Each structure stands twice: as structure tokens, then as C-alpha cells.
Amino acid sequence: MSSVAREITRPDAAPAAIAMAGIEKWYGTGLSQVHALARTDLSVPQGELLVLLGASGCGKTTLLRMIGGLIEPTGGEMRIEGRPLWRDGRRQDEAVAELGMVFQEANLFPWLTIEGNIALPLELKGVGRSERLARARELTRLVGIGGFEARWPKELSGGMRQRAAIARALSYDPDILLMDEPFGALDAMTRDAMNLELQRIWMETGKTIVLVTHSITEAVFLADRIVLLSPRPGRIDTIVDVPIPRPRTLDAQSLPVFQDVARRLRHRLNEIS
Amino acid sequence: MSDAIVSPAAPPAQARRPAISRAALLPWITTPALVIAFVALWHDYVTRNNVSAFILPAPGSVWSAWVEMLWSSRAWGHTWMTVYATLYGFAWALVIGVGLGVAIARVRWLETTLNPFIVATQVIPKVALVPLFVVWFGFGITSKVIVAAVLAFFPILTNTVLGVKSIDAGHRDVMTSLNATRWQIFRRLELPSALPYILTGMEVGIVLAIIGAIVGEYLGGNNGLGAMLIAKMNAYETDALFAVVIHMTLLGFIFYFGIGALRRMLIPWHQSSGR
Ligand SMILES: Nc1ncnc2c1ncn2[C@@H]1O[C@H](COP(=O)(O)OP(=O)(O)OP(=O)(O)O)[C@@H](O)[C@H]1O
Ligand SMILES: [Mg+2]
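Protein chains in written order, with numbering that gives the first Met the number 0: chain H, 0 to 272; chain Y, 0 to 274.
Read the hints as simulated data drawn from the structure, not as lab findings. Keep in mind the model is a prediction, meaning the values are calculated, not measured. Where hints are given, some of them may not hold.
Distance ranges between label pairs, derived from CB positions [stated by the list, open to error]:
#, chain 1, residue 1, chain 2, residue 2, range
1, H, R90, Y, V94, 48 to 56 Å
2, H, H34, Y, D167, 47 to 55 Å
3, H, D186, Y, V38, 52 to 60 Å
In silico contact screen, one side only, chain Y against chain H (beta carbon under 7 Å); selected entries [claimed, not checked]:
#, residue
4, G169
5, L177
6, Q183
7, P191
8, A260
9, M264
10, W268
Virtual Cβ for every residue (Gly too), placed ideally from N, Cα, C.
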């Protein structure tokens, strides 16, 4: 029996936010098959901020999209809060309802205003207009774009659009937030600011967050735990704890423990790629 | 405000560009100027060379023929027939074109199966089929509606297919991650996303619909502006013939700008609406 299954059946503990056992992914068929992710076991406890780190092409996006239910694993089992995400090739609604996704691009709909975008998930779930606009207003405050509710997405900067995308994912209050290089397209200064904001939002809301990044600094700054992936086929290489107290400030980067963790990650990344 | 986390200051709501830019004003000057110059040249050519009024009437007599037309209730009856056939045919083309377009763009095998036929019907000179429609549907309004619909259908279909296929994969991911139903995906993503394309198809389609209606009227019956045009030709009333052409052109303009107004109303967020 896999360790994941044991964890789920343990009666005293709450189920892990995310638990995967033997998850793997092959793309394509025949000779052009790509082994994107080898059999992977991983469990993410509730409330953790986990970072997936690795070189380009090592399967980070693949893994995150499998957690989010956007692609079905070729093998293995994925559980969200103890419930299987897939059953007979069908995605299970109760599991998906606890997942919020933020992509590298903000992916806001240009024909909706900022509040329309943020309230879209609630609209799809049939929440009434006044209630969802009130929620949108509350969320623009939380992510720091209060006052921009009535604007079109193209009137906002890249960083502000990404804040709106985070607000959209938070609108229906999922327990788990999945983020694929959410700040990858931003400049270094905006990125630092967004990292601080994300930490604040995470501490205020108590969500479980899984975040994908290329950046070692971003990983160490944000993570409780860092999962280092190695390529061809993608698999978990090492898992590193980051014992830096919260809330972390940008000055935390000069702490010896920060630099130590960053150095270990850098060396290991060089060895495996 | 006591809200500490409102970091980027909200700009004042009135901070807008001036309502009309200089580039937008330009056509209001150049267009009348060019039209006046053209009419002046025309007038000059006709009077200087003593051109026969059967070949090329002077602008003045065309103008009075048109004014006379505007006072004739028969002419308005013809106009209404043409407008009716155009809009009715266009409405059919729109419904079927968008519906089939979305289906083709979504369902792979449907596209593979239908594509040869769509290409075939594209390359058939459809105007050549008009006599056939007259044979099938008679000299009444039905044959005109059908010709208008057939001509307007293809640009709407192809633009809809293109529009639905061009939907951003990231936008689709958003809807999938939100567990949207098929209908929600159509209503909240595919339709608004394809709308700029559909409107482009409609702009081409409405003009083709008028052409279809008029060509239909050439060949069948004695109603509509097309039939009126043929009657004027047979009566050697060249000035009235010109007047009908001008009338048709204005009609085309009205329809075309109607779609443009629809564009600004439906998709104010899109670049093509010139915000
Ligand atoms: N849809 C797909 N079809 C075929 N192969 C794919 C597909 N998506 C990804 N792959 C392959 O799977 C492997 C892992 O890709 P993935 O996008 O998960 O990497 P990544 O770690 O997110 O990379 P990056 O950091 O560049 O975003 C790569 O070799 C890629 O070529
Ligand atoms: Mg990726």
C-alpha cells in the first residue's frame, strides 16, 4: 500500500489537501511519445505553501495541471482533500470546486470589466448579481487594486492584471490555489512586491498554495517546502524545507539560512541538468 | 480612505482622451471635398463634350430624377421589397452561419466531413444559380430572400469558424478550471470571443445580401429596386437608372454603418471599436 493511501485512512488526521500516488504522464502516442512525468508520490498538507522548482521542460506545468484537473494523468491516483479527482475518466465536481488556478498569463476576458472577471466564477455558479459584485469589491481590496473595478483589463498594468487573476481564483473561496509561474512575466521589482502580497494573502486566508517557478529566490522566499524536479523524465529529485519565520520581508534574502538553502538548490540544479 | 492595502492609487474617473481626435475629423472634410470634385469633373465632362443624355446624363438631371424618385410611393414600395429581402435573407444567413460555424469549429469530424462541400459551394459562382432559384421558388419574394441568404452565408460561416478557433487556449483553461458547462462555455467564452470575427463576417455579408436581393430582382418578377433598374433601362431613362444606382448605394451604406454601430454597441472592449 502506498504511503498516501495510509495517510488518508489514518482516522485522527485531516486528509492532506493534495495527495498523489504513482501519478505519471505520457504525452502523445507511438514513437512520438514523451514521458513528461515519471511515477510521483507527493502529499501537501492543508495550509502549506509548496513550491515546485526546476529547469524548463522538467514537467512542472504538467504536474500542476494534473493537480488542477486540466489534464488527466496517464496513471496513478490524485486526491483533493481525500476525494479522488478522477473517477472513470470523469472529473469530479466536488474536488474541482476546491481548486483555484492562476496561470502565467492573467487570462482575463477582455470583454468583461475587472469586477466582471473577478465575479465570473460566481456567475457560473449562479450567485446573484449584487452578492457577486460585493464579493468582487472585497477582493479587489484584498489584492490591492481597489478602485479599478469598472476598468477594462487592457487599462491595467501586467502586475495589476495578475492581481485580478488571483482575485478571480479566490472569488469562490477554494481551499487550494494552484499557480503556474504567476509572476514570470513581471519585472523584478513588481515581482518582489507581488511575492510580499502573495505571502500576505496566504497568511490572511490560510489557503494551501502550490506555486511553480523558475526562480530560486522566489522559491526560497515563498515556500514552506520546495520540491525540486529533475528532467527527462520529470520526477522529484529532492524536497527542501525552508525554516525561515513568517512574515518574511525582502531583507530575509540576506539571512544566512536563506542563502544556504538557495546555494544548495543552485548546486543541485546544476548537477541534474 | 483608511484602507492601507489600496496600493496603486485609483486614477480619477474623468481622465479620458478628448472625445474626437484630429484623425477622426479628417474624413468629414476629405470625403465631401472628393465627392464635390468628382461631381464637378463629371458635370464638366458632360457639358464640354456634349455627351448624349442616354449615355451619361449630367449630375443635375440624375439628382432631379432621384428627388422625383423620393417623392414616388412606387419607388418606396420597391425599396421596401429590397430591404425586406435583404434583411430577411441576412437573418437566415446569420442564424445558420453562426450556428453551423460554431458546430464546425467545435466538432472535428463535422469539419472534416463538411469541408469539401463548403469549399465546393464557395467556388460555385452563386449568382449563376439565381435562375434555378427562380425556377424553384417562383417570381415572388422567396427566391430573392434565398439568394440574399446564400450569398451572405459564407463570409459569416467562415469568420465564425475562424473566430471560435482563435479562442485563446488560456481562456479555455480558465473555463475548464471553473468547471463550466458546455452552454456556459458557449455563452460566456465562445460567443463573446468570436463576436469581433462574426461582426466582420456580417459586414461583408450584409453587402452581399443586398447584391443577392438585387440580382434576384433582375431576373424574377417586377418588384424591388433590381426590377426597377431593369425597367428604367428598358425605358432608356438613363438618368433614372443612375438615380436607382445611387439609391442602392445609399442603402448599402446604411446597412454597412448599421453593422458598424452594432459593433461599437456589442464589443466596446475590442480595438476595432476604436476606443
Ligand atoms: N501538450 C503536450 N504535448 C506533448 N508534449 C508536451 C505537452 N506539454 C508538455 N509536453 C512535454 O512534456 C515535458 C514537460 O513539459 P512541461 O510544460 O510540464 O514543463 P515545465 O517544467 O512546465 O517547463 P517550463 O518551465 O518551460 O514551463 C516537455 O518535454 C514538453 O515538451
Ligand atoms: Mg511550465
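So, going through the hints one by one against the coordinates:
For the pair R90(H) and V94(Y), the supplied restraint of 48 to 56 Å is violated, since their beta-carbon distance comes to about 33 Å. Our hint of 47 to 55 Å for H34(H) and D167(Y) is violated, since their Cβ atoms are close to 29 Å apart. Look at D186(H) against V38(Y): about 58 Å separates their beta carbons, and that is inside 52 to 60 Å. The restraint placing G169(Y) at the interface with chain H holds, with a minimum CB-CB distance near 4 Å, inside the 7 Å limit.
Hint on L177(Y) holds. Least Cβ distance to chain H is approximately 5 Å, under the 7 Å limit. At its closest, the beta carbon of Q183(Y) sits 5 Å from a beta carbon of chain H; the interface hint therefore holds under the 7 Å criterion. At about 4 Å, the closest approach between the beta carbon of P191(Y) and any beta carbon in chain H falls short of 7 Å, and the interface hint on this residue holds. The closest approach between the C-beta of A260(Y) and any C-beta of chain H is roughly 18 Å, which is over the 7 Å cut-off, so the hint fails.
With its C-beta approaching chain H no nearer than about 13 Å, M264(Y) sits outside the 7 Å limit, and its interface hint is violated. Evaluation of the W268(Y) hint against chain H yields a held restraint, the C-beta minimum of about 5 Å falling below 7 Å.
The structure is inconsistent with the numbered hints 1, 2, 8, 9, although it conforms to all the rest.
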